[in-house]
Amino acid sequence: MEIKLRYGDSALGYIWTIGKPMALFSILYVVFGRMVGGVAPPHYALYLVIGLMLWTFFASGVGLTMTSLVANGTLLRKLPFPRIVIPLAASMTSFVTFGLSLIAIAVFVAVNGLVPRLNWLLLIPLILELYLFVLGLGLVLGVMYVRLRDVVQVWDLVVQLLFFLSPIIYSFKMVPPRARQIMLLNPFTQVMQDVRGIIDYPNHDVIAAPAAFSPLRILPLVIWAFTLALGILMFKHEEPMLPERV
Amino acid sequence: MSRTRKTPTVATWRSSMPSTNSRPRSSPNAIEVRNLSKEFRIPHELRNTVREHFLHPFERTSYEANTVVRDVNLSIRRGECFGLVGRNGSGKTTLLKLIAKIYRADEGTVQVNGMLSPFIELGVGFNPELSARDNIHLSGALLGLSRHELDERFDEIVAFAELERFIDQRIKNYSSGMQVRLAYSVAIRAPFDILLLDEVLAVGDAKFQQKCIETFGEFRAAGKTLILVSHDPDVIRENCERAVLLENGAVVSIGPANDIVDLYFRREGLG
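Those protein sequences? They're chains G and F, same order as listed. Start counting the first sequence at 201; every next residue gets the next number (our numbering). Start counting the second sequence at 1308; every next residue gets the next number (our numbering).
Please note: incorrect hints may appear among the correct ones.
Simulated DEER-style distance windows between Cβ atoms [said to hold, decoys possible]:
| id | chain 1 | residue 1 | chain 2 | residue 2 | range |
| --- | --- | --- | --- | --- | --- |
| 1 | F | 1347 | G | 430 | 26 to 34 angstroms |
| 2 | F | 1416 | G | 352 | 31 to 39 angstroms |
| 3 | G | 440 | F | 1380 | 18 to 26 angstroms |
| 4 | F | 1415 | G | 430 | 29 to 37 angstroms |
| 5 | F | 1471 | G | 325 | 42 to 50 angstroms |
Away from chain F, derived, C-beta distances all over 12 angstroms, residues of chain G [what the hints assert, rightly or not]:
| id | residue |
| --- | --- |
| 6 | 219 |
| 7 | 259 |
| 8 | 299 |
| 9 | 300 |
| 10 | 312 |
| 11 | 321 |
| 12 | 364 |
Hint data in this document are derived by calculation from the structure and do not stem from the laboratory. Every residue, glycine too, gets a C-beta built ideally from N, C-alpha and C.
If we strip away everything but chain F, and leave its shape as in the complex, we get (with noise of 0.2 angstroms):
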């Protein structure tokens, strides 16, 4: 393996990778979402502590009902990469945390076929008081790297991320930048089949986004699919297939990546 280039290419780290052959052929699909739903409680006075039990104690929390994904059905093919576009708020990023099973459902199910690697709201949950180096250790752990994988894949997921001379400063003396970085370098270095990459590009400065954009093609390459999602319509167009447009947490159209995107800013009145 070679230590000394600066991008690693998928196939040199995934030549050491166990292989995940061995799911089952016979769904073409890496996802089937069925009738899925999910709402969230939302009680109208946050009582969290005995205080406030004990100031109203005949007064019954009420709850508002929050549908944040609702009946939502959607396959997306292995080796795909699809599109999810929408408001804020419009259930994009719950969507991601009931496929990555993170969120349990409230209705409907989830069917993943593969290995998953998330990377959800601008990260994979760093731990702000520890220093880079220990950051990396417990992430890739917790996705599933031994730690003979990690001892091996460490400069890499390092030199990727160009944080060679902050890896031992705490993650909270990071800018947001660079600790997207970093955690996007993690989240690739661990086997996956299925990427879930939630807004990576947002705060990359120009040089990062170009290097997020290579490794897409070389996962497309390898068969690897890939959920993005994206603010940005022009992400959206050039590295997706398909895509969907949520609403409220409800679909509103699947399709090509353009006419979800070209639907999308029309329905904002943008287009």
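This is chain G alone, in the form it adopts within the complex (with noise of 0.2 angstroms):
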């Protein structure tokens, strides 16, 4: 598995994988800093900072999942191997690229004067859960890309849409109650909210502790859960086709 990692690493450059959502984030905090100005969410540099680094992961991480059992076709061709080492390659070098992009949050908790707490323990389960969205995820969308081009455009166009779609960049107070529900319903968000919370907690609480058995706290783990066993069955059931398909 490490060589697989190491063969990732080298495709990407260090710098940029901090470098990129850094500049997103400063031109945003710029932007969006002024205008959300008094409903802006406290620490909002902090609470803009999670949400982009976690959306980066969750966004390339899905896109280089998907395309990369295409993008390996020529292994698959030629050499007989456990198929599940490409998209599990693709997916953690995503995650550790986003290992790295833990430091630009380290920063800015220490600026904020945040201490650790215990509780931020429960930020391995909720990462661990937001890797495997992503590589389920992956996996749902990386079967379908073998078979259908078309795919990596939908998924393109969905990206952007999901970005502005998901309290990243604005106060999730600021949505309408229902609205809320419903974007709650997808993983991602749900991480997001949770790691805020857990991090910034009286100041982004969401819906951590209180709603602890609520609908809302089941149905995100309920989507997910179903994303990656479609994920799994899928890649299982297209595995011995894949070097003639790809």
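The task is to assemble the complex, starting from two chains supplied on their own in separate frames and drawing on the hints.
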């Protein structure tokens, strides 16, 4: 596995992996920081940087995983090996990149004078949840992409829509409660809001503790599990045919 | 292990290999192919985008079944060098891919007794954007070498391919001959009992061809099984005991390599 990671790493420059979301952060912070002015969530810089870093991991992770099978078609056609290695390596590459961006988040945490608490350990299962969601969605779309090359175009569009339909740059409280419930169906939004809530508790309390057993807590997990299971099943089904279809 | 040698012998790197003798001794054959068939469905109009499906929603894609491997039966003995002969498109590479379990058979079975190292379609699937060094690590890992074994054999791989000067260059800047040299060098250092070689001598220079042929001899001496695809009649004659002639995916004849090559040339009107 470590070798596959290395292979992925050399294709990306380390600097860009943090540089790009940080550049986006600067622009958004300057523009939206003023626009949302009064209604901006407290610690807006931290709020924004957490959102953007998680978003970058989600969007690029799904994108990379989705295209990995077709991109490695030559390999699939020439060597026998467990095919799952390819989407796993692609998603892990994004994950490692995300790990680096945690440094940026740590800086903002420190600047805001936040001290780590014990419940920050909850971040680990949350990040794992997001990783498995990226993998599951990447597998679903990746198997579709092998058969239908338009999937990438559609996904690009969906990503742009989702960016604005998720409370990444704006406060979740600006959204009407009804729409909030729909937005929270997306496991990505659930993870992002939980991460913000845990790191900066009283300021960004979301749905973390109080609503522990409400449908809002369960539904994203149901969708998450469904996506992951569907991805694995679709991949298992397609696996023997991959070398002749990619 | 001697690192200074230009051409490491089988014995030097085999000694560091995990024993592969745990396989069942009951079957004397390295490969058993029974009633094997494979067809590719070729759509008459390739519809790969939504637009095309949208433009002709009711028109069902008609397929043409192209049988590439047709009811093939083969037994390849352990320690044998076996040749695959036939025209372009006669199913040689597809048969190799079925044996390597890259393709799934439509009908029939393939039984492989022992570890297999494939060298198919002039390579082991290098990524052109990566350096030779990274590619060796990637392919080596996928061929079943542990990181430790890879580190140990890395110098040998590079030395055999004679690419020390270019090891940090990207594969896309390699000539096709250099790529094949490197790919072969990686493939033969993976642990194997059976080696599938698809046109390994086609693009290498004279010296590399000579080195390859020498390694064939070493593998034979070590009891390895070789399956060789080549369009060079002399390569088949001189290295293989038996061979098969394929035509349109079907077996025409199996027999001594010399006879099969003669038959092939006669049927092509060249003999």
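Results of checking the hints against the structure:
no.	hint	in the structure
1	F:1347 x G:430: 26 to 34 angstroms	holds (28 angstroms)
2	F:1416 x G:352: 31 to 39 angstroms	holds (38 angstroms)
3	G:440 x F:1380: 18 to 26 angstroms	holds (22 angstroms)
4	F:1415 x G:430: 29 to 37 angstroms	holds (32 angstroms)
5	F:1471 x G:325: 42 to 50 angstroms	holds (48 angstroms)
6	219	holds (21 angstroms)
7	259	holds (22 angstroms)
8	299	holds (21 angstroms)
9	300	holds (20 angstroms)
10	312	holds (40 angstroms)
11	321	holds (31 angstroms)
12	364	holds (24 angstroms)
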